[in-house]
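So the sequence lines, in the order shown, correspond to chains C and U. Sequential numbering of the first sequence, starting at 1, is according to the numbering used here. Sequential numbering of the second sequence, starting at 1, is according to the numbering used here.
There's no promise every hint is true.
To be verified - Straight-line Cα separation of at most 25 Å, SDA-like style, residue types lysine to any residue; simulated pairs:
#1 C/Lys-144 <-> U/Asn-50
#2 U/Lys-135 <-> U/Val-174
#3 C/Lys-135 <-> U/Gly-160
#4 C/Lys-144 <-> C/Ala-187
#5 C/Lys-144 <-> U/Phe-47
#6 U/Lys-39 <-> U/Val-174
#7 C/Lys-144 <-> U/Val-174
#8 U/Lys-135 <-> C/Ala-187
#9 U/Lys-135 <-> C/Tyr-116
#10 C/Lys-144 <-> C/Pro-107
#11 C/Lys-135 <-> C/Ala-86
#12 C/Lys-39 <-> U/Ala-141
#13 U/Lys-135 <-> C/Gly-183
#14 U/Lys-144 <-> C/Glu-41
Hints are computed from structural coordinates only; laboratory data are not their basis.
Number of protein chains: 2
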Amino acid sequence: MSERMILHEYAASGNCYKIRLTAALLGLSLERREYDIMKGETRTPEFLANVNANGRIPVLQVGERFIPESNAACFYLAEGSSLVPADRFDRADMLRWMFWEQYTHEPNVATLRFWYGWIGEENFSEVQRVNLPGKRAAGEAALKLMDEDLAERAWLVGAGLTLADIALYAYTHVAEDGGYRLGDYPAVQAWLKRVEATPGYVGIDA
Amino acid sequence: MSERMILHEYAASGNCYKIRLTAALLGLSLERREYDIMKGETRTPEFLANVNANGRIPVLQVGERFIPESNAACFYLAEGSSLVPADRFDRADMLRWMFWEQYTHEPNVATLRFWYGWIGEENFSEVQRVNLPGKRAAGEAALKLMDEDLAERAWLVGAGLTLADIALYAYTHVAEDGGYRLGDYPAVQAWLKRVEATPGYVGIDA
Numbered sequence: 001m002s003e004r005m006i007l008h009e010y011a012a013s014g015n016c017y018k019i020r021l022t023a024a025l026l027g028l029s030l031e032r033r034e035y036d037i038m039k040g041e042t043r044t045p046e047f048l049a050n051v052n053a054n055g056r057i058p059v060l061q062v063g064e065r066f067i068p069e070s071n072a073a074c075f076y077l078a079e080g081s082s083l084v085p086a087d088r089f090d091r092a093d094m095l096r097w098m099f100w101e102q103y104t105h106e107p108n109v110a111t112l113r114f115w116y117g118w119i120g121e122e123n124f125s126e127v128q129r130v131n132l133p134g135k136r137a138a139g140e141a142a143l144k145l146m147d148e149d150l151a152e153r154a155w156l157v158g159a160g161l162t163l164a165d166i167a168l169y170a171y172t173h174v175a176e177d178g179g180y181r182l183g184d185y186p187a188v189q190a191w192l193k194r195v196e197a198t199p200g201y202v203g204i205d206a
Numbered sequence: 001m002s003e004r005m006i007l008h009e010y011a012a013s014g015n016c017y018k019i020r021l022t023a024a025l026l027g028l029s030l031e032r033r034e035y036d037i038m039k040g041e042t043r044t045p046e047f048l049a050n051v052n053a054n055g056r057i058p059v060l061q062v063g064e065r066f067i068p069e070s071n072a073a074c075f076y077l078a079e080g081s082s083l084v085p086a087d088r089f090d091r092a093d094m095l096r097w098m099f100w101e102q103y104t105h106e107p108n109v110a111t112l113r114f115w116y117g118w119i120g121e122e123n124f125s126e127v128q129r130v131n132l133p134g135k136r137a138a139g140e141a142a143l144k145l146m147d148e149d150l151a152e153r154a155w156l157v158g159a160g161l162t163l164a165d166i167a168l169y170a171y172t173h174v175a176e177d178g179g180y181r182l183g184d185y186p187a188v189q190a191w192l193k194r195v196e197a198t199p200g201y202v203g204i205d206a
């Protein structure tokens with residue numbers, strides 16, 4: 001990875017933070033380029049043509065090439081390190097948690113954080129109001145599933161921190177911004193502290 | 001992979017089909033165990049305790065261990081084969097498409113197939129009716145993004161078929177079941193034919 005790497009991001013996004021945390025734990029340096037998603041800066045013709053046709057951040061630029069999707073960018077950075085298990089089954093199990101994060105956790109836990117923190121309850125659309133109870137219940141179920149799993153083990157996969165933990169830490173540790181109560185999930189709270197005690201850890205505001 | 005492998009599935013699900021197609025292209029044999037999702041057979045206490053606490057299929061059983069999440073199971077089967085690129089950047093780019101599939105394509109393209117084909121328009125809930133226009137638009141945007149990409153290349157990543165193509169083929173080729181018009185996406189249609197011409201290909205009904 002001798003090529004120059006640039007993270008195209010919106011710093012407060014947990015998806016962008018995942019990539020910064022992965023890089024920090026690996027001792028890799030990333031240039032950072034900020035886009036204001038609230039002003040549509042990732043939907044400009046230039047961004048769509050040159051950075052990501054999907055109009056979203058984060059995107060990890062490696063030389064002149066681009067990797068959208070937070071968990072794919074983390075995988076690119078971490079392959080071959082201890083953040084990706086050497087065992088074939090464990091590696092697939094790590095990806096299992098990362099796909100679960102994007103399908104089941106992020107659309108509920110992260111989305112309510114965005115709705116409450118960036119849009120504001122008084123501005124919710126009809127679609128948001130109708131979806132709120134389902135997203136709340138699904139987010140609580142996701143946190144409960146993590147809590148039950150983490151009651152039996154220190155890390156989501158294997159014997160140490162992997163990208164599965166990083167991917168799920170990003171939005172779990174700020175879940176209260178979306179109205180979730182982390183006190184209901186003691187094993188999750190203990191795991192958050194383990195992640196934060198890892199050498200090289202940086203916070204979302206760093 | 002000398003261990004016995006069992007696919008816990010609902011055969012008509014595109015997510016389950018991805019794993020069968022991957023196994024077929026690799027010449028691997030899987031036992032198959034069918035669950036009727038319409039009767040709640042993946043939400044029984046036994047299924048939640050023994051197969052997947054998340055209450056969903058597919059789950060790939062390897063010996064006595066279990067891999068939920070379709071794309072993680074495909075990765076487990078295909079690692080080390082030509083279905084996973086040998087180049088580090090391309091491997092991450094393949095995962096990029098697979099995460100995009102689960103976050104942006106499946107919740108729109110697959111979900112409308114399920115709503116129209118399994119629930120029926122006359123039975124749609126209020127939540128479904130309110131979400132329909134947004135899901136239709138997002139699904140069309142996803143197919144358009146694929147079409148623009150595939151207008152410039154034969155396969156989503158690199159020079160041959162990879163898990164990215166398999167993951168996106170599964171629900172794209174049956175998108176019309178959800179009311180999408182594949183005729184609007186000629187490059188996608190040509191790519192579907194390329195996937196179907198691959199030696200070892202099996203259809204979703206096989």
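Any hints this thing doesn't respect? Which numbers, in order? 3, 7, 8, 11, 13
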